[in-house]
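Just need the whole structure built from these sequences, with the hints factored in.
For the protein sequence lines, the chains are A and B, in the order given. Position 38 of the first sequence, counting from 1, maps to 38 under the UniProt record's numbering, and the rest follow consecutively. Position 250 of the second sequence, counting from 1, maps to 250 under the UniProt record's numbering, and the rest follow consecutively.
Residues from chain A shown here face chain B by an in silico Cβ test under 10 Å; the list is partial: (1) 112; (2) 194; (3) 279; (4) 285; (5) 294; (6) 383; (7) 385; (8) 392; (9) 393; (10) 534.
Below, computed lysine-lysine pairings styled on DSSO-like, alpha-carbon distance capped at 27 Å: (11) B:134 / A:380; (12) A:483 / A:506; (13) B:120 / B:182; (14) A:380 / B:127; (15) B:120 / B:178; (16) B:7 / B:23.
Don't read these hints as lab results, they were simulated from the structure. In this text, a Cβ means the ideal position worked out from N, Cα and C, and glycines have one as well.
Residues per chain, in single letters:
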Amino acid sequence: MKQQWFQRTGLLLRVNARQNRVKLTAWLVALVMGMLVIAASFSQIYQTPAALAEIAKTLKTDAMVALFGPVATPVRQTVAAAFAMEMPVFTALILIVMNYQLAVGSAREDEDAGLLELVRAHGVGRLAPLLATALLLTGLNALIGGLLGSGLQLIDMPGATTSGNWVLALGLASTGWAFGMLSLVCAQLASSARGSLMLSYALLGGMYIGRMLTDLQNPQLTWWIPFGWVEKLGAYQAENWLPVGNYGLFGLLALGVALGLNARRDLGAGWLPPRLGRRRASVYLRGPVSLVGRLHRGSLVAWLLASLVLGGAYASVFNTIGDLAQSNPMIKQVLGTAGLAAANRVIVKNFLAILAIVLVVLAAIPALQIMLQLVSDEQKGYLHQLYATATGRWHVWASYTGWAVLTGSLVYLAGLLGMYLVGVQSMTDPLHWSTYWHIFTAYVPAMLVMIAVASLLTGWLPRWRALSWAWLAYAFFSMYLGKLIDLPRWAQRLTPFGFVDKVPVKAVNWATNVWFFGLTVLILMLAAVGYRRRDLAQ
Amino acid sequence: MTTPILKIANVQKNFGPVQALKKIDFEIYPGEVFGFIGPNGAGKSTTIRVLLGIIRASHGTATLFGQDVWRDSVAIHRRIAYVPGDVYLWPNLSGGEIIDLFLRLNGQTHSARTDELIQKFQLDPRKKARTYSKGNRQKVALIAAFSTDADFYIFDEPTSGLDPLNEQTFQDEVLQLKRRGKSVLLSSHILSEVEKMCDRIAIIRDGRIIETGTLAAMRHLTRTTVDVRTVQQLPELAAMAGVHGVQAHADANHVSFAVDADQLTAVMQYLSAHQLVSLTTAPPTLADLFMRYYAADGTRSVEGK
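In structure tokens:
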């Protein structure tokens with residue numbers, strides 16, 4: 001019986017680990033090193049009690065609560081405590097992305113490619129491939145937790161305790177693991193790798209928004225949202241192991257469901273039946289431009305909606321954040337009504353300057369996806385026959401690049417629009433649309449540079465195209481967290497976003513924009529030349 | 001003599017240190033069905049990719065309709081139709097959508113002929129490409145190619161996933177193209193298919209064209225199989241020039257062997273001198289030809305020409 005289900009799980013696990021060894025090592029090193037470097041630098045950043053008091057005060061503001069989660073009261077003002085308050089939400093997001101990509105990559109992509117059919121035709125248990133993936137993720141997360149905990153022990157931040165180090169390290173690792181198991185469930189429900197990832201990220205997005213709202217209204221309610229548990233670890237303060245246990249149970253439950261669903265479904269199928277398509281192509285499907293548009297129609301709509309909803313969700317807390325009088329009634333008498341409104345607006349704009357980054361990074365994801373699909377569609381052979389028709393290389397390259405630029409811009413615009421629309425409703429003194437428009441004009445040129453570089457990689461170094469993702473991840477890190485941990489200016493400027501100076505608090509710098517546009521055009525020209533010259537995949 | 005539609009001269013292709021194509025030369029004339037045969041990995045598909053301008057030849061020239069295949073690829077592609085050996089289609093488009101798209105990309109439209117082909121090949125055009133089998137994906141590409149009005153058709157192992165009925169449909173369609181004076185390049189290792197349809201053949205091995213010509217001319221270079229029974233014994237047979245693989249049968253004086261075409265007369269004289277009881281000869285099949293060029297000891301091959 002056991003043989004029927006699980007035979008050769010160990011062998012598949014080894015093959016799996018071997019096949020993904022570069023990816024696994026890269027994630028492991030980048031994550032653990034990144035986290036430990038930040039931990040080591042924290043004592044430099046917060047050298048004085050005054051600096052610690054300052055960050056404790058900052059973290060208590062509603063804007064920071066919306067981004068990083070609530071702060072325990074009373075706050076213990078140590079370096080370690082500051083670290084444990086600033087890091088979990090951000091790190092958990094990155095860990096979850098890692099688990100999602102690896103889980104769906106090995107649980108579903110092999111299946112889509114027909115590889116699993118071959119594997120399953122051998123003496124391999126029905127559930128062995130899925131269990132091997134689950135074990136791989138378990139091992140990886142355990143390793144991350146272990147290395148992180150030992151690293152924190154070695155660094156020994158001021159105010160750190162052994163139990164605090166371990167509750168933080170294992171708390172984060174268990175978060176990533178539990179969401180990895182959740183995405184294994186999604187991989188059973190959807191009928192393709194892409195669908196599985198979209199479902200997984202939709203769940204994560206929903207939980208992220210949910211925890212932001214409950215954190216601001218009533219942090220106790222955050223216990224109902226699995227993503228919110230990571231905020232409840234309270235490392236170096238009122239340490240709480242409950243989240244770790246919760247994630248353990250949650251992950252086991254998810255794994256059980258995934259195995260159950262997997263045992264009941266056909267290979268290559270999902271739980272949602274595939275629909276029939278059109279008998280004849282619509283009149284609009286005429287060439288590469290409409291083809292790329294047609295292929296990404298569904299995901300474009302999904303991204304626009306997601307961005308709109310996220311923007312709206314952020315804006316729904318603008319009023320709470322931009323209300324100084326709430327925490328200090330005296331302030332209204334000091335500043336006067338007009339003065340108070342202006343001060344409130346500055347606070348919201350400061351919050352907006354960070355949200356602008358979150359949304360632009362989000363918008364860059366589908367843009368890069370479309371751009372890099374130029375290579376993966378080629379390698380999957382989809383473009384092979386296209387190129388045997390009277391369709392030029394330039395035309396195809398330009399279609400993907402054009403859609404990438406358009407998608408990134410539209411998704412960003414949708415997020416800002418969501419903020420504006422909800423802001424108008426929720427704020428007593430709403431921001432004018434021009435504020436959001438400034439954000440748009442300031443960040444889109446920077447995003448264009450990133451898309452252009454991705455395009456350059458597709459033309460000259462298609463093997464290295466994953467660097468685009470690393471660059472975007474670094475951009476997110478350096479901008480979301482970099483400001484808070486005082487990342488040096490040069491380190492912030494390793495991505496084009498680092499050159500955008502705190503819009504909308506400051507004015508849009510058109511000189512920078514002109515630079516960015518010029519650079520974009522130049523890089524794109526180089527990219528086009530490269531793509532026309534190179535051999536296409538065999 | 002008419003000018004060739006396709007002309008490949010001394011084409012080479014290197015992938016880093018690997019020489020995938022060493023020396024490719026052949027020509028295809030208007031109205032000709034040209035067979036391109038060789039084992040897996042010999043360079044058939046690579047040659048076709050060079051012809052399509054998908055990869056660039058390292059050396060040599062290749063022209064189609066007198067235009068350079070790399071530089072003028074788009075202009076050339078307007079006049080050709082192509083079916084690859086492995087057809088990969090966008091998983092979320094339906095077969096019908098993809099056929100129409102391929103037609104439109106060459107400035108053509110879905111016609112009554114397209115519907116007729118969909119009928120003939122028995123494809124359900126409404127299914128998403130994700131759910132198609134290999135054979136069905138191949139049908140999508142074949143229907144798009146056959147309903148394209150082109151001057152030159154390239155088929156790269158087009159029937160490897162088709163059932164015999166569909167294979168027959170394919171052969172009928174190619175013969176129809178031939179009747180309409182179109183040129184066809186058919187790469188295959190299904191030799192019966194090539195034998196049935198092709199006017200001329202090129203054999204490729206290890207990145208080199210080792211033989212080009214009509215099947216009849218090539219047969220001349222190969223061996224005829226002989227099965228003979230005589231009254232007298234044939235002791236000298238095995239030692240005769242041009243005789244290979246002599247096998248004695250259980251009953252007396254019954255042997256079968258292969259004989260080189262140029263030694264046929266001498267061998268026949270020897271046999272008849274020993275009083276024939278029965279004699280059957282089989283012409284060399286393409287398979288024999290193929291085996292002769294690709295046998296493990298395939299060192300002796302080219303000097304026949």
